[in-house]
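Protein chains: 2
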Amino acid sequence: MIEGRKRVSIEAVSPEVDCGRFPVKRIAGEKVEVEAHVFADGHDQVVACLMYRKADEVSWNRVFMSPLENDRWTGSFQADEMGAWFYTVCGWIDHFLTWQEDLKKRIYAGQEIEQELLIGVEMIKEARSRVDEDADEIFDGWCRSIEGQEDGFRAARIALSPELGILMSRYVEEDRISFYEKELVLWVDREKAGFSTWYEVFPRSWGEGEGHGTFADLEKQIPEISRMGFDVLYLSPIHPIGMINRKGRNNSITAGPDSPGSPWAIGSVEGGHKSIHPQLGREEDFLSLIRCSKEWGMEIALDLAFQCSPDHPYVKEHPEWFRWRPDGVIQYAENPPKKYEDIVPFDFECQDWQALWDELGSILFHWIDMGVRIFRVDNPHTKPFAFWEWLFNSARKDHPDVIFLSEAFTRPRVMSRLAKVGFSQSYTYFTWRNTKSELQTYLEELIRGELREYFRPNFWPNTPDILPQFLQFGGRAAFVSRLVLAATLSSNYGIYGPAFDLCVSEAMEDREEYADSEKYEIKRWDLNSPASLRDFIERVNRIRNENPALWKTFNLKFYEVDNDQIIFFEKRTEDLSNVVMVAVNLDPFHRQSGTVRVPIGDLGISSEDSYMLHELISDERCLWQGEFNRVDLDPGILPAGIFIVNRTLRKESDFDYFM
Amino acid sequence: MIEGRKRVSIEAVSPEVDCGRFPVKRIAGEKVEVEAHVFADGHDQVVACLMYRKADEVSWNRVFMSPLENDRWTGSFQADEMGAWFYTVCGWIDHFLTWQEDLKKRIYAGQEIEQELLIGVEMIKEARSRVDEDADEIFDGWCRSIEGQEDGFRAARIALSPELGILMSRYVEEDRISFYEKELVLWVDREKAGFSTWYEVFPRSWGEGEGHGTFADLEKQIPEISRMGFDVLYLSPIHPIGMINRKGRNNSITAGPDSPGSPWAIGSVEGGHKSIHPQLGREEDFLSLIRCSKEWGMEIALDLAFQCSPDHPYVKEHPEWFRWRPDGVIQYAENPPKKYEDIVPFDFECQDWQALWDELGSILFHWIDMGVRIFRVDNPHTKPFAFWEWLFNSARKDHPDVIFLSEAFTRPRVMSRLAKVGFSQSYTYFTWRNTKSELQTYLEELIRGELREYFRPNFWPNTPDILPQFLQFGGRAAFVSRLVLAATLSSNYGIYGPAFDLCVSEAMEDREEYADSEKYEIKRWDLNSPASLRDFIERVNRIRNENPALWKTFNLKFYEVDNDQIIFFEKRTEDLSNVVMVAVNLDPFHRQSGTVRVPIGDLGISSEDSYMLHELISDERCLWQGEFNRVDLDPGILPAGIFIVNRTLRKESDFDYFM
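One line per chain: the protein sequences are Z and R, in this order.
For reference, each letter of the first sequence is one residue, going 84 to 742 in our numbering.
For reference, each letter of the second sequence is one residue, going 84 to 742 in our numbering.
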């Protein structure tokens, strides 16, 4: 039977993803702010509490919530550790607080209060009867001091003490507390899930001579990649590559004798997903690469591409995991009429799906055991959501620090579902959002909607699969502006390495794909080319690393500019100690200028005060005043500016800079 | 263990109230439109079905849903009977449909299809192995006719038949179907819950001489009230009235010897909530009133006021249901510093709450047994939500036709929660919404937001408790315009009878309460006064009853007018056979005119065509053309117009009206 005396209703708890079906995500150390409607019938005083615990703790922590408008309450807690947490909301009628509030009104209205005081004392005594013996004396003390007053108003003053109210509130009858019907799950990731800077490479291209590069070759570049400010070095698949139907240059279906094949065509007689391509090195070389990266403050990210080449050992060992055509030929990957002859997909609907899941899980655990904690997952949208949810939950039981990046460029619902089932970060449509309205609309969707609770964007201006038109035709300025946008709009971003540094812009005709793609051949990048953007990238990454306002994505705010070619936005730390403003000229061909409207009131700046903007790429400074200020960006010089705002400018001394 | 091969995800099913915690409400005969995100990984073809059943049926009905944009699907069913229903959504991958679609693409691309045809036939044979024997022959037939073709394209044409697709879709493997995790509840009310016209009276005021009116007196007025177009006659409480602390005229705390007391101070030595005030008559008189009302197409609504006078029999029989002060005096109702000495509330937090609930339930059942099916519930927001939910569920088990109107003028969350727990209709803030922006904002909230799924507004321009300022000062035009607004904005509306008909506007000083309120004295209304609005009200109610567009609330749409004093809106039936437009001058003092923008395209009217508006109160007609047209409303003549639109105007013949 229900407890009919629980009078408090709790509704609309937020954050909450799909009615609590999926966890809300936060970063370790973040404040988790929870809101709810909490109310009761009648006019009694309601108390609301936020309850939370780590999943492995038994007892709940309770913090009082504060009322907002319209029966909405807010409360927060610090999610200070990685892993799973639970939170929920409870509430109850505080009869003593109600009595206190009513007593005040009676006194103001000049009403008799003698009987009321007796009722109050009765309530204290009733509470005393419920508490553990230690607290008896405190309650008795309050009763004595109220009853000991001859003057009613003196007695009332004591009875109205907030301390007494808090004491009484602590001893509420537990069976009268209403609990929200769900315990919501919070997943807390480590900091890198929220702030990371990725550099993608094909290890085989980093050799010194003509031949196949090795882990050892790549290891020599670690100091330089680290100097550029990257903290995740993501390698294309490092496994043996299939021989059957191996692709040649430019994705041709006939491979030359020296064609190295696509690294995503995984598996050959030399091994499968747990093996290392023999020409890259041996396990100890890989472990050495991980160690060296760590010393330079970087982590290695591997590619999880759950698919096989036709000569992958699985095909022979587990033919039941694949689809076979009536003519006895294995079914390769297709999206009719497109064919991917060098790749065969797993059949996730096969009878033996559980064994398949277990085997794929063992691949993940193999690399986790080798020390890898970041995985970029290839085409996750072509494998069942339930599989990913199971895989991530399995991995995170013992390894809450594992990070998964979803490489799904597909329909919005599919992308968000993948984030819900547990991807830590996701590729986005940023790659194709070029105009101000496209960028602003998309970012608002990412940061204001429900997505912000579980979908962490990772912005990529290019990938080995995508050379967007804007980079094909926009020249160096396009690369600069897209890098600044990616690096400052999103706290997670990455580039497909040297092809970006060197502003490679040659595409297949009428395609957004690289000509002579590194996917099908070994490249030799001229890393020391004077045209390289490396120093510029180093500068932007340093600005990111030094400015905590850029460590988050959801603190983004756009400013109005009267020129559609200029986008202007701001990020700030909560305490305003770091305010970063970014201006980008989206037109890579022409100088653009406009007037930006700065919400100075919001920044604690009065309209009379001037404030200094320090542009961090060029190290130039300028003084602004009031709401409306001028920006001017020349793509021939620098199409973007990243400013920190000094709000506590003392005019006399700072003027030295300009005189 | 989960079935890992269920690949379809189902999210965001709508309508859904509080994650399915509360039922969605509809009216018998309405179409229930359900939407959901239904999608899977990969590129396979997905099928979505809406499932529904009456609560007392065992098996589900399934209807295919149609895709909208972005993986959203829609489907509907007819809720043709009162009572509880369930609905949910399921989906699966249609492999055969996928195969058909891919086959088409292969043919267009000129690819080999021989192997594909073999795969298709294999799929048909596989399905055949799962079906009941009766269907074997059908499957065999399809296989034979595909296999019998020598020409591949002829075979393909047969294999691509939609009929074959539908057949295959019907025999999906049941264990691969994904079901939405919740079965949602739909509560279907009878029509009157959605369209009703209330007239509120104090039966004791309808006597013929000086004395206390009786049911028999009221019965004589039934034909006239029915003629005015009302279908619910709501009576103030009909029970014995307490003597202790009885209120006198104008709510004075000392009652004169002849003071009849407030009907809401229920109970005396003469009986309680199941008794009838002796001066109103006996049970058979009440039964006769019900019978007579029914004959005239009206239903009697009673007031459920769960509170007592201090001399209610319950106080002696069940002192444990009340609060007692330390001095042994019963606790009367208070909202400090306000006191309601003639009323004592039940203590819903008493130990014996279950017995209290049962007894209150027995009151409801008593009147249901007498034939009452509509209850207006007094101050439901001062009793626990859980109590109402229990009470309504108990009553509706055997009486799905019972209607409850919530008289809660309180905070928004409390009002909506009461609707969620089961009130069929709710009083609203309409009573205090006067300006165009107030009205439009509030109505948009009621009809566009989540409220529309469970909160049915009932608009009251006045009640015995509320004489709004607008009616105090606006004169007859204010009564006319507020009546038209209530009657046309909301499909449920009501008035506090004769005080409205007679435009009573005298209030207590600086209050929104009637002077010499009928709550504390017996009134004699001059029903035949020439100032009475009765004929006007009759006209408006007739228009309501004759125009199906006005039988709903959620089909409301506001038009733009360039004058803030004129509000203009439209309601239509889905098939456009009835389009009603309403114009109201919100300024009761001055003539106002403006230009209204009619969305003619939306109404199937071209900009060249003229269309006729027939104003139904004055029976005048006018011709409009194009989007922009003029309205002019003089409060001295008629401050409102209710138009029906004739879209199929044949110009020649209709011109006769004007020549």
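Note that these hints are calculated values from the structure, not bench results.
Careful, some of the hints might be misleading.
Because identical chains cannot be distinguished in the list, a pair is counted as satisfied if it fits within a single copy or across any two copies.
Calculated lysine-lysine pairs in the DSS-like style (CA-CA distance at most 27 Å, straight line) [unchecked claim]: (1) K265 <-> K89; (2) K89 <-> K480; (3) K640 <-> K422; (4) K421 <-> K89; (5) K422 <-> K188; (6) K421 <-> K188; (7) K89 <-> K422; (8) K480 <-> K422; (9) K519 <-> K303; (10) K188 <-> K303; (11) K137 <-> K635.
Just so you know, these numbers come straight off a predicted model, no measurement behind them.
Hint check:
Taking the closest pair of Cα atoms, K265 and K89 come within 27 Å of each other both inside a single copy (16 Å) and across two copies (26 Å). When the C-alpha separation of K89 and K480 is checked against a cutoff of 27 Å, the pair qualifies only between copies, where the shortest distance is 24 Å, while the shortest distance within a copy is 37 Å. In this homomeric assembly, K640 and K422 never come within 27 Å of each other (Cα to Cα): the closest approach is 44 Å inside a single copy and 52 Å across copies. In this assembly of identical chains, the alpha carbons of K421 and K89 lie at most 27 Å apart only when taken from different copies (26 Å versus 62 Å within one copy).
Proximity of K422 and K188 under a CA criterion of 27 Å is satisfied inter-copy only: 12 Å between copies versus 79 Å inside one chain copy. For the homomeric pair K421 and K188, the shortest alpha-carbon distance between copies (10 Å) is at most 27 Å, but the shortest distance inside one copy (78 Å) is not. In the homo-oligomer, the alpha carbons of K89 and K422 lie at most 27 Å apart only across protomers (26 Å), although the nearest pairing inside one protomer, at 63 Å, exceeds that limit. For a Cα distance limit of 27 Å, the shortest separation of K480 from K422 qualifies neither inside one copy, at 38 Å, nor across copies, at 60 Å.
Taking the shortest Cα distances, K519 and K303 never come within 27 Å of each other, neither inside one copy (40 Å) nor across copies (73 Å). Within a single copy, K188 and K303 get their C-alpha atoms no closer than 78 Å, and across copies no closer than 49 Å, so neither meets the 27 Å cut-off. Taking the shortest Cα distances, K137 and K635 sit within 27 Å of each other inside one copy (24 Å), while across copies they are farther apart (50 Å).
Figure legend: structure checked against the earlier numbered hints; hints not met, in rising order: 3, 8, 9 and 10.
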